[in-house]
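**Q** What follows is each chain in one-letter form.
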Amino acid sequence: MLAPLFATQSLAAEKIFTIGPLTITNSMLMGLIGGAFVLAFFGAAAKATQLWPKSRFTFYVETFVELIFDMMEETFGDRKKTMRHFPLLITLFVFVLAANLSGLLPGFETIKLSVDGSYVSLFRSWTTDLNSTLAIAVLALTTVHVYAIRDIGPGGYFRHFFSGSLKNPINIFIGLNELFGEILRLVTLSLRLFGVIYGGEALLFAIATLAGNFGWAATLPIMFLEIFVCLVQAYLFMMLTASYIAMSTSHGEESESHSVPLNAAGKA
Amino acid sequence: MNHVDPAFIKGLTIGLGAIGPAIGVGLVGSAVVGAVGRNPEIQGKILSTAFIMIGLVDAVFAFVLLILFTT
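Protein sequence lines, in the order shown, are assigned to chains A and B.
Under the numbering used here, the letters of the first sequence match residues 1 to 268, in that order.
Under the numbering used here, the letters of the second sequence match residues 1001 to 1071, in that order.
If you are wondering where the hints come from, they were derived from the structure by calculation, not from laboratory data.
Possibly wrong hints are sitting among the right ones.
Said to hold, decoys possible - In silico DSS-like links for lysine-lysine, alpha-carbon gap of 25 angstroms or less: (1) B:K1045 to A:K80; (2) A:K15 to A:K112; (3) A:K81 to B:K1010.
Unchecked claim - These stretches of chain A come out as covered by chain B in the derived footprint (C-beta under 8 angstroms, 3 or more residues): (4) 136-148; (5) 216-222.
Note that the Cβ used here is the ideal one computed from N, Cα and C, for glycine as well.
Hey, can you work out the whole structure from these sequences and the hints?
**A** Right, here's the structure in full:
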C-alpha cells in the first residue's frame, strides 16, 4: 500500500526547466525564492532600523538578532570574535529555517507541473534535496578551516590534528583519525539536515494519506512537531558551525574557554 | 526466507529503529529534569543544550524514517 504512495515523491529533486546547460530543479527554485524572501525581510528591517525603533516589526527583528547574538557570545566567549563570525552564522540559521519551514506551506507537493510528459511538483523545500544541504555544509566547513588557518597559522592548524611528537606512531594514527572525523562532520552535518526534513515531510504525506478524509485533523499535531523539529535543526546547524569555529580557532585551550562563560553564569 | 513481505521489513525497521532514539531522548529528558532541579537559575542554558542533544538524537530516528519512506 505504501509503495505506490511514495512513488510520487522521489528522493532526488526533479528538473523543471533548463537555462542553457544549467538544469534548474524545483528545490533550487525554492532556494532562490527563500533567499529572496529572507533578503527582503531583513533588508526591510535594516532599512527601518534607528536608535529608537518606531516600527514594531524592526523592534522584533532586532530582538531576535540580539537573542542569537547573545547565544553566540556564550559559545565563543569573546565579543570581538563573535562580531566577526556572527553574519555567517545568523545567515545560516535564518536561511535554513526559512527553507525548512517552507515545506509546510500549502501548495508544496500538490501544485504539479508537466515536464517532459511527467508531472513534477513545482515547489519542493530547499533542504529536502541532499545537494543543497551538502552545499551549505561545504560552505560552513570551508569557512571553519579558512578561519582556522588564518587565526592559528598553517603550523598550528597542522598541530591541531597531529599533536605531540610525530616520531610516535600513535600520534600519527590519532591525527589521521581526527582528519577522518573532519570528513565525517561534513557527512553528518548535511545528512542530518536532509534526513530530518525529508523524513518529516514524508511522514506528513503518509499520515495525510492514511487518514483519508480526516487528513486535516490527523496532520495537525504532526505539523506542530514539524515546526519544532525545523526550528531545532536550523538552530543545531548554526550551533554546530559556531562550535566548530570556536574549537578550531582557539589555541588549544578549548576546555578553558568553554568553562569561562559557564562559571560566570554560575556566579551570577 | 525466500520471500519476505516488504511491509514486515518496514515494520521491523521502524520498530527496532525507534528503540535507540527513544532511550536517548529519555536519557536527555531525565538529565535535564535533574539538572534544572539542582540549579534552576540556569534553566535557559540547560534547555538550549538539551535541545541540541535532542536534535542530535532525533536525527537517528529521521534516518530511520528516511529509509522507511524511500525504499
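**Q** Each hint: holds or not?
**A** Evaluation of the provided hints:
| no. | hint | result |
| --- | --- | --- |
| 1 | B:K1045 to A:K80 | holds (22 angstroms) |
| 2 | A:K15 to A:K112 | holds (12 angstroms) |
| 3 | A:K81 to B:K1010 | violated (48 angstroms) |
| 4 | 136-148 | violated (count 0) |
| 5 | 216-222 | violated (count 0) |
When each numbered hint is compared with the structure, violations occur for hints 3, 4, 5.
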